[in-house]
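Chemist: Using the hints provided, position chain D relative to the given structure of chain V.
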Amino acid sequence: MRNSSNPNRRKFIRTSSAIGAGLVLGRPFELRATPFSFNDKVRLGVVGCGGRGRGVIFSNIPKIPSAHLVAVCDIIPSRRENAVARFKEEYGITVQSYEDFYDMLEKEELDAIVLTTPDFWHMQHAVDAMEAGLHVYCEKAMSNNIEDARKMAEGMKRTGKLLQIGRQRRSNDRYRFTHQVLLEKENMFGRLTHAIGQWNRSRIWTQQPNKQDKFNIKQLERYGFETVAQDYNWRNYKALGGGVVSDLGSHQIDIFNWFLGAYPHTVYATGNNSYFKHEQADTMATILEYDTPKGPAIGIYENISNSRAIGVYERFVGDDGAFIISEGKDNKIYRESRVKAKRWQRYINAGYISNLADMQKYQEEEAGDSGIKETAPQFSYDIKNMVDMDRVYNLQSHTAHLYNFVETVRGEETLNYDAITSYKSEVCIYKIHEAINANGGRIVIDPSEYEV
Amino acid sequence: MATRFQLTIAAESEDYATGAADRCFARLDYLEQTLSRFIPDSEISRINRLNAGQELLLERETWEVLRQAIEVQAWTGGTFDVGVAEHVDIFRAGKQGILNAYEVERGLTQTQATKAAASLYIDPEYPRLYCVQPGMRFDLGGIGKGYALDQLGKLLAEMEINNYTISAGDSTLLIRGVPNPERSNWHFTIASAQDKHLLKLTDIAVSASGTFHQGHHIFDPRTGRNSGVSQYDRLWVASPIAAYSDALSTGLFLLTPTEIAKLVHQLAEISWVAYSLAGKLTFVGIDDVSLDQKSKTEL
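Order-wise, the sequence lines are chains V and D. FYI, in the working numbering the residues of the first sequence are 1 to 452. FYI, in the working numbering the residues of the second sequence are 1 to 299.
Isolated chain V, as found in the complex (with noise of 0.2 Å):
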């Protein structure tokens, strides 16, 4: 969120008759007319113009004033020639276009690249850009091998660049207030014993290259594809990608290590492709037993890639509540019965939460108390404001995690996910790819195995 700095704008705010216009197209003062005027801007190279390319050039850096984009990458002509074409049409700048990574890197003068390319290129990229000077942020997951994600983590390391890995949760705001507030802060749910996530999905997509792509199968196999198919479809093979369970699953179990504040020591994973018959698995199932500050927990974790029905979401209990937190719609805080209701009025009355869909301030009397009629929905609460945190972001999680990166590199934050925490969340999921790949097991992870 950016507040008015401006103190024209202050003044027309406090001095404005234009209270009550309601909803009009118009602005109600004078200001730049794009965001891509900053001086210190962060002259960014998008790497990989496929579907997260694309939200990255048009929806995610738009939103970021400080960061410009100078070029973008994909070895599929049409891809990037697209890319270009659109940003040139809705922003009014010509961005340079390259199949080959290398030729960007030399020709064009970048602070920083972001990479949205197949899991399997994360490492030979992002290792030589940070050799070469430039900071990267890098969408997950760090690879589709452990050895391959620890050489990132050591490369940022030795190199003093930066790395981000693009776990987004980790800048979205609710997340980080549920851990900085209502975890780290007011200990709302006592000890959390487990976890539970899901990732429900009806079908496991298989794309199709548009009429206008066109192939060169030599081309292809230049970078490591060896079909069109592969391309496209990358994460359906194990030497491209790192599965289920890096996809989707590792998303969630971070968010296991976040609020729980440690990293399993023991996993029990199995999974098949007994659905959809690709190379990875398409169902999963895994246990994940942790020592936590407060106690053991226990983390369960499951995706099916057959049907959506009950959504993708993450669910923690604790001693005294419960919540399910997620991106989508399925967002909830319960408190346990013998928790009496006087002590969560504080988290009320601080306007972190809010009950019955924040209707109650409607109501003439206590909760409850609103006369005799039909039957109350179940008492649950929803986060209300997020307050008393180091920063709202107040944008999308995917333009908020690029942004606290691009911020970071101009020296104005700290990174919200460097590549060491995200190797230490990472070592979990590969231990499970390792047993899903096995046809089940349980790997003890050493603690050492964490450490960069």
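Don't read these hints as lab results, they were simulated from the structure. Relax, there's no trap hidden among the hints.
Only pairs whose alpha carbons sit at most 25 Å apart, straight line, appear in this in silico DMTMM-like list of lysine to aspartate or glutamate:
| id | chain 1 | residue 1 | chain 2 | residue 2 |
| --- | --- | --- | --- | --- |
| 1 | V | Lys107 | V | Asp40 |
| 2 | V | Lys277 | D | Asp22 |
| 3 | V | Lys361 | D | Asp220 |
| 4 | V | Lys214 | D | Glu14 |
| 5 | V | Lys211 | D | Glu160 |
| 6 | V | Lys88 | D | Asp123 |
| 7 | V | Lys332 | D | Glu32 |
Here are the in silico distance ranges between beta carbons for each label pair:
| id | chain 1 | residue 1 | chain 2 | residue 2 | range |
| --- | --- | --- | --- | --- | --- |
| 8 | V | Glu364 | D | Ala113 | 12 to 22 Å |
| 9 | D | Lys154 | V | Gln360 | 37 to 47 Å |
| 10 | D | Phe188 | V | Asn439 | 47 to 57 Å |
Anything over 12 Å on all C-beta distances counts as not near chain V; from chain D, calculated:
| id | residue |
| --- | --- |
| 11 | Thr3 |
| 12 | Leu7 |
| 13 | Ser167 |
| 14 | Asp170 |
| 15 | Arg183 |
| 16 | Ile190 |
| 17 | Ala193 |
| 18 | Ala208 |
| 19 | Asn226 |
| 20 | Ala261 |
| 21 | Lys262 |
| 22 | Ala268 |
| 23 | Leu281 |
We treat Cβ as the ideally placed atom computed from N, Cα and C, and that holds for glycine.
Modeler: Showing chain D alone in chain V's frame:
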């Protein structure tokens, strides 16, 4: 969007059509994630949380749909209004037993007054919103589904798919091209208690609004109450743009036949309107195809 979307693609291979459908449904997920006020991380939810003096850079989709909502609000004199989420929540709290009738009434009065004092500006030149004074929360329920269909239309055009229909909850339909080389249009039926008409449509969006499923007490944003009484059992609006047909099908519902005829005459965005009045179907503007050269609509 809490509704069912159905996509019919003609004249493409099954593989290509399936791949296109997957991309369409992924796009719908993105739009819901951006535009639904029931998702706390959505852009609409973040707008709804803004304080006085704050501004927000918007997704182009949010920017576009809010600009379209402003247009329809102006055309209809406020019978269409996206700034009524708080009203909707109060009605829901009344139904759920959280608020009694007295509290609902008092809450609506308070909310209408707060809304009247609100000022939110959409920058006409750049995707940005300024919150000078908060006090209205957005609910895009009346335009979001239509807007989503327009977005899917753009995506399908990008994939060079030109013959399809997409419906959102059966209340808005976007039609492009033809169902097969032998036919020059898609066929749909609309009906009232005593009439039935076959529509032959291509390159157009049609939305319906009615009291059949919703009852006769209609929310009127101008009063902030369920004070609206419509003359129509059902009303259809056709437009080249589904966001407009969707929003106008709600907005026109509280207008008189004379007011509707005037708007159909004035606005190129309305291809035609049909309504069911006293059991009979009436069409407005259907003969004037010059309003939209692309809308080859035949009765």
